[in-house]
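Number of protein chains: 4
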Amino acid sequence: MLAVEYDVTPDGQIELVAGAFSQDSGKSRQAAKIYGIDEDRAYADFRQMMERERGRPDAIDFVTIVTPNHLHLPVARAAMEHGFHVMSDKPAAVNLAEALELQSVVEATGLLYGLTHTYTGYPLVREARRIVASGALGQIRRALVVYSQGWLSEQVEATGQKQASWRSDPAKSGMGGAIGDIGVHAFNLLEYVSGRRIAEICPSLSSSLPMRLLDDDCNVLLKLDNGAPGVLSVSQIAAGDRNRLTLDLYGEKGGLHWEQEDPNQLHLNWLHRPSETLHAAADYLTPPTRAAYRLPVGHPEGLIEAFANIYRDFAAAVRARATEPAAAMSDLVPGIEAGVRGMAFVQRAVEASRAGAGWVKFTI
Amino acid sequence: MLAVEYDVTPDGQIELVAGAFSQDSGKSRQAAKIYGIDEDRAYADFRQMMERERGRPDAIDFVTIVTPNHLHLPVARAAMEHGFHVMSDKPAAVNLAEALELQSVVEATGLLYGLTHTYTGYPLVREARRIVASGALGQIRRALVVYSQGWLSEQVEATGQKQASWRSDPAKSGMGGAIGDIGVHAFNLLEYVSGRRIAEICPSLSSSLPMRLLDDDCNVLLKLDNGAPGVLSVSQIAAGDRNRLTLDLYGEKGGLHWEQEDPNQLHLNWLHRPSETLHAAADYLTPPTRAAYRLPVGHPEGLIEAFANIYRDFAAAVRARATEPAAAMSDLVPGIEAGVRGMAFVQRAVEASRAGAGWVKFTI
Amino acid sequence: MLAVEYDVTPDGQIELVAGAFSQDSGKSRQAAKIYGIDEDRAYADFRQMMERERGRPDAIDFVTIVTPNHLHLPVARAAMEHGFHVMSDKPAAVNLAEALELQSVVEATGLLYGLTHTYTGYPLVREARRIVASGALGQIRRALVVYSQGWLSEQVEATGQKQASWRSDPAKSGMGGAIGDIGVHAFNLLEYVSGRRIAEICPSLSSSLPMRLLDDDCNVLLKLDNGAPGVLSVSQIAAGDRNRLTLDLYGEKGGLHWEQEDPNQLHLNWLHRPSETLHAAADYLTPPTRAAYRLPVGHPEGLIEAFANIYRDFAAAVRARATEPAAAMSDLVPGIEAGVRGMAFVQRAVEASRAGAGWVKFTI
Amino acid sequence: MLAVEYDVTPDGQIELVAGAFSQDSGKSRQAAKIYGIDEDRAYADFRQMMERERGRPDAIDFVTIVTPNHLHLPVARAAMEHGFHVMSDKPAAVNLAEALELQSVVEATGLLYGLTHTYTGYPLVREARRIVASGALGQIRRALVVYSQGWLSEQVEATGQKQASWRSDPAKSGMGGAIGDIGVHAFNLLEYVSGRRIAEICPSLSSSLPMRLLDDDCNVLLKLDNGAPGVLSVSQIAAGDRNRLTLDLYGEKGGLHWEQEDPNQLHLNWLHRPSETLHAAADYLTPPTRAAYRLPVGHPEGLIEAFANIYRDFAAAVRARATEPAAAMSDLVPGIEAGVRGMAFVQRAVEASRAGAGWVKFTI
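Chains as they are written, first to last, in this note's numbering: chain A, 3 to 366; chain B, 3 to 366; chain C, 3 to 366; chain D, 3 to 366.
Worth double-checking, as some hints may not be accurate.
Chain copies aren't distinguished; within one or between two, either way the pair holds.
[Unchecked claim] Here are the computed lysine to aspartate or glutamate pairs in the EDC-like style, where the Cα-Cα straight-line distance is at most 16 Å:
no., residue 1, residue 2
1, 35, 17
2, 363, 42
3, 174, 103
4, 363, 227
5, 363, 83
6, 29, 333
Derived from the structure by calculation, the hints contain no laboratory data.
The shape of chain A in the complex, shown without the other chains (with noise of 0.2 Å):
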C-alpha cells in the first residue's frame, strides 16, 4: 500500500510522498528511502498513516492500494474515512458483500475511488471502446472474451511459489481462483469495451489439480443485456500459454479483436470492405488515444526498458570502478568502438555512394 500526492510519477502528474509499506517500522522506513520519501512519513500502520497525513497542511491527496485482497476494503474505508480518495488494485473486496459495503462507503463520502484494471488503460482498448460506442459496428450480436495462462498447470502452490500461495488461498484471495485473479479481468474487459452489461451467465468452474481449493479453469456461457450471445473462457492451466487475453466482439457490420500480448494494434474485420489494423499512436487515431501512448507509432514501450537495460549495466560498471579502478564493462553496452565504426560507416558509405564507388572496404 502507498500513499500518493499527484506530481511527478508518471508524467510529472504523481508524485509518491507517503506511505505504510510495511508493518516493521524499520522496513517501511527502509522502503521510504528507496522511493525518495521523508521517513517522517513512511508509517507501519495504515491508520495511524491516515490519522498523521489529515492534520499535515501537506497531506497526501489520494492513497493508492497494493496489497493482497482481503486488506482492500479496510484500507479504502480507513482512507475514505478520512477524507482520502482512493486508487484500488482490482478486486475491489475478497467477495460480494464486502464490495458492497465499499460502494456505500464511497456513497457516503462522495470521494473519488478508481480500480486497476489494467487492460482498460490500453490505448487500442479505450479506442476499442470508443467505436463500439460510436456504432460503427452496430449493435452488438456476440462476444468471446478468452484469457489464459498456463502457470498452474504444476502445483506450484507446493512449492512456495509467493504469486501462487496467496491466489491459491480462500482466505486470501476469496472463494475464486482463476476467476477472481483474471476471470475479472476478462469480465471487465467485455463490459468496458462492449458497453454492454452481462445480464445472465451459465457459469462451470472446475479444478484440474488434486489437492488444489480453488478453480483453475472457468468457462461461461453469457447473455448481454440486448441479448446478444457470448462465451467467458479462463484458464490457468493452459499448458505453454504465457498472458493470452483476448477480446472478439461482434456487432453488425463488422467485428473488433484485441490480443494482450500485442496490445499496440486494434483489428477491424468489416462485412463488405477490407480488414483493417489500428496502430497505437498512429495519427488517425483520437487525440484521446494518442495522448494515453508516450512513444512515436511503431516503437513499442519495451523500448523505455531496452534503455534502462543499457544504463543498468553502464552503472553496474560506473559503481564497480568506485572499488575496482581497471573494472570493465559488461561487453553488452556499445561503446566508443561502436561509435566510431558507426560514424566510419556512415562516412564510407556517404563518400562512395556519392562518388559511384562500387564496392569498397571498410576499415576503420
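Following the hints, position chains B, C and D against chain A.
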C-alpha cells in the same frame, strides 16, 4: 544533457542529481524542480556543471548526453576531462573525424564510455547475440537487416516539424540523413548480434524528395569479415511503415529472426527440426536475458504505461476536485461499480457452478 | 452425387466413371460429357445407377455423395444395398434417427463408409492427432474450439442466395443451423485430434436475426470423457470473420494450436521450453503427414491454382485466336518479353558481379 | 513436356490430349495411359509429335513445356514452327542469346507464347498490380523483394538429390544458380506488380559452399526506370527458410506488402489512415481477382488437398477390400461412428438448448 548518479532509476541503480538542462538558467532550474533535483545543481552551462560537480564531495558519477548530435563530442570531452564517465546518445559524434577524436579522449582518460544503441538493450537481442556466439547456428553465412520508416514520405522538414528539421539539416545531424539517423542502428544491430565485423560495403544512397539535402533511402550490399554476403536496407520514405527494424541472420544450421515491432519474440528456424520461438521472460532463457525483463512472461512492457494511463486520469480527477468539488472522474477509469460487478461475477459464478444451476440471471 | 472408381484423381488413385448428376437426363448427360464420362453411365436417378452399375463387369467401386443433406441417407442406403462402398459429405444424415439407421446399414452390409470431414484431411491436423496420441502433451486438460463465419450477418436467405437458402431451411438441412453446418466440424475436429469423446454438454443456441428459423450462433460448455473442461463456440453471425476455425488443446505439458486459415502451421507451446512451429511438408514430420502434402515445404497449395490461373488466361487467348486471328493475350500472362528480360537479368547480373563492375545499366 | 488442348483442366478449359512424355516410347505410352490419353498420341520425340499432330484434324492447340531448361528453346521453336502456341516453364531459355532467338521466333510466327511465372497467377498478386496501376499508392519510390530458401545450405547436389543436381549444373540450368532458379521469379514479380522496369543494377553473387559451381546467394541494388531505388535479395543458403518470397513496394501514399507463404492476404499500409488487409475471394475485390479464386473466402486452397487426402485413404481401403475382404479403413478417415456422433451432437444440443436444460450427459 543530464548528469546522473546511480541510485534509483531504473531499478534503483541510478539517481538523477544534477544537470545542465538549458542555457537559460531559469529554465534549467525549472527543469531541476520537475526532476526533483536541488536547484543549486541545475546548471546553465555544461562546462560549469563539470567544474562545480568535480569540486563536490557528493559529485556526480557519470554524465548522460541527450543533446543534438553536434554537442555529443564537446560535452563528452568536457565530462571526461573532468573525470566523469559518459553515457551518450548515438551517434558518438557528427562525423568520423570527431568520433576518432572522442576515441582518443576515451583511451587517454581510461574512463567508461557507453552509447545507447537502444535496440541492443532488448532482452531477446541480447539472447540472439548469445545464441550466435554459442555456435548454435554454425558459421554465419548471410545477413539481411532492414530498417524502414515512412515519416519522411512528405516534405515534413518544410513544415517546421522539429524532429525532421534538425535531422534533415547537415549542420546539425552530420552528412548522413536516413543512414545517420537509423542506418547506424541497423549497422550496429547486425554487428552486435552477429559478432562479426562488416568488412566491405557497396552503398547506394538517394533522396526521393526535391529540396531534401540528405539521403532518405540507403541500400548497401555488404560482406562480413568471414566473407558472408549481406544487405542493409534503410529508408525513411517507406510510406506506411512505422518503425520496421528486422534482422535475419543465417548460419550453417539455421536462421535467427527478430523484429523490433514485436520485440519479445525471437524466432529460430532450423534446417531439420521445427521452428522455435523464444519469449521474453520465459524460464528457459539465460539468466541475464531474464533479468533484462521486468514483467512476467506474456505481459508486454506497455502494461506499465497502461497502469500509468489509469493513474493519470485518476489524478486529473483528484486535481479537479481541489477546485471543483463535484468534478467527476473520467468514465475511462473503472470505479466502484466495476468493482462491485466484478465481485458479483465471481460470487455468482462460483455459487451457480457449485450448485450446477445452469443459467442464472446476473443482477446486482 | 457422383459415382467414382479409383484410378486417376487425385494422385492417380480414383477415376470418375459414372454418375447421377441431375434428375433431368439431358443435364446429367451434359455433365458426364464435361467430366469425360461415357454418356451411358450418366444416370438421371441414383437407384437406376446402382441397379445398372451392379450389372456391369466394370462396375463402380464406390459412390460419393455430394447432395443436399436430406438425400444422404437414401443414397447411401441404396448404394450399400447394391454392394457399393460409400463416401459421403457430412452430415451423415439429417437427424440422429437417420444416422442411427444408416449405421445399421453400414454394420449389416460390412461395407466401407467414409465421411468427408474435410479438416481432418489437413496434414497438420493429422500430425496433431498423432502428437496427442503419442502422449507428448500428457493428459488433455482443456479444449477450446471456435468456428466462426460472418456470412449470415445479413438476411441472405431472403435474397435467394442458394447456399444460405437450403442451409436455413429445416426441411433440407435438419434441425441445426450453424451447429449443423459448421458446429459438427468443430465437434469432429475436437474429438478427432484429442482422441477423447465429449461426455457432457451444456449448449446454448440462438438466432440473431428476425425470421431466421435455425440457430446462427451456438455456444457449448463441455466436458471430455476424462473430465477435462472445454468450450465449443460456433457462429455464422460473426461479422467480418471469414472461416475462422481454431483449435486450442491443452495437456499437462503443453498446448497445441491450429488455425484453418493458416493450415500449414501447427503450433506447440510448452511449459518450460521454447514454442515450436511445425510446417507442412517439412522433413521432420512423420512420413504419413509428409505424404499428405503434395508440394515442397513453404509452397502453399494455392500454387497449383496460381498455375491454373495462368493456364486459363492463356487458353482463353488460344481459343480467341480460333475466331479472331489478331486476338491478344491477357497482359496478366507473362510472355516472351518477360522471358527475355529474365534471362537478361541473370546474364547481366552474373557478368557484372563476376567483373566486379558495380552499377551497370540494365537495357535489353 | 506435354501437349495440351483446352477442354477440361482446369475449370473445364483445357484438356491434355497428346504428349512426348519420354524418349523411351514404352514409358511415354505408359504415361499417356495414366493421363487418360490415346496411346497413339504418346510420342517419344517432340519433333515427331509436332509433325504428326499438325496433320490431325483434331490437332493440339498449344504445347506446354515442362522440361529441364536446356530444352525450352528447341521445343518452343519446333512447336511454333509447326504452328502451335506455346506455354513454357520459366526460364524462357538457358541464356540471353537463346531467349532473344526465341523472341524472334515468337515475333516471326505471331503465335502466342506464355511463361508460367507462377507467382503472377496468385489472385492477390494480380490485385496488387491493379492497385499500383490505379495510382492508389502514387509514384513508386522504393522496392524490396526478397526470395530466400534454405535447401542448398548443405551440399545436397553431392547426394544425388535430383532437383539440386540439375539446378547446380551450369550445362543444364544455365549460368545462374539461385539467380536463375528463383532470382528470376523475384525480378519478374517486382516488374509485374510495380508496372515499372528495372533500369540499373549493381549485383553481387556468391557461393557459400566449396565445390558449388553456381551462385547460391545473390544480392542486387537496383533502380527502377523512374529512378526509384530498390533491393533484390535472393538466397538458397538461408538456412531454415522454406520458400520466403516477399514483396514490399512503396509509393508516395502508402506501401503494399505480399508474402508467398501467406498468399491470400495483401497488406496495404497508408501514411495517414489505418492499415488494410485484403483477403482472397472477398466481395470487395475486383471481379477478375475474385474469379481467380476457386473457393469461398477464408478457405485456403489446401482444402482441396485435404479432401483429396481423405479420398485417397478411402480409396486405399476400397482397393484393399478387393483382395482382403476384412481390410479395415485407415482410422484417419471419419466413418459412420463420427457421423452418428455428429448428428447426436446437433440433436442433443438443439434439444437441450431449447429446453433450457443446462448440463446434459452426451451418450450415444
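To see whether the hints hold, each was checked on the structure:
{"no.": "1", "hint": "35 / 17", "result": "both (14 Å within a copy, 12 Å between copies)"}
{"no.": "2", "hint": "363 / 42", "result": "neither (65 Å within a copy, 51 Å between copies)"}
{"no.": "3", "hint": "174 / 103", "result": "neither (18 Å within a copy, 57 Å between copies)"}
{"no.": "4", "hint": "363 / 227", "result": "between (70 Å within a copy, 10 Å between copies)"}
{"no.": "5", "hint": "363 / 83", "result": "neither (74 Å within a copy, 34 Å between copies)"}
{"no.": "6", "hint": "29 / 333", "result": "neither (36 Å within a copy, 37 Å between copies)"}
In terms of the numbered hints stated before, the structure departs from hints 2, 3, 5, 6, listed from lowest to highest.
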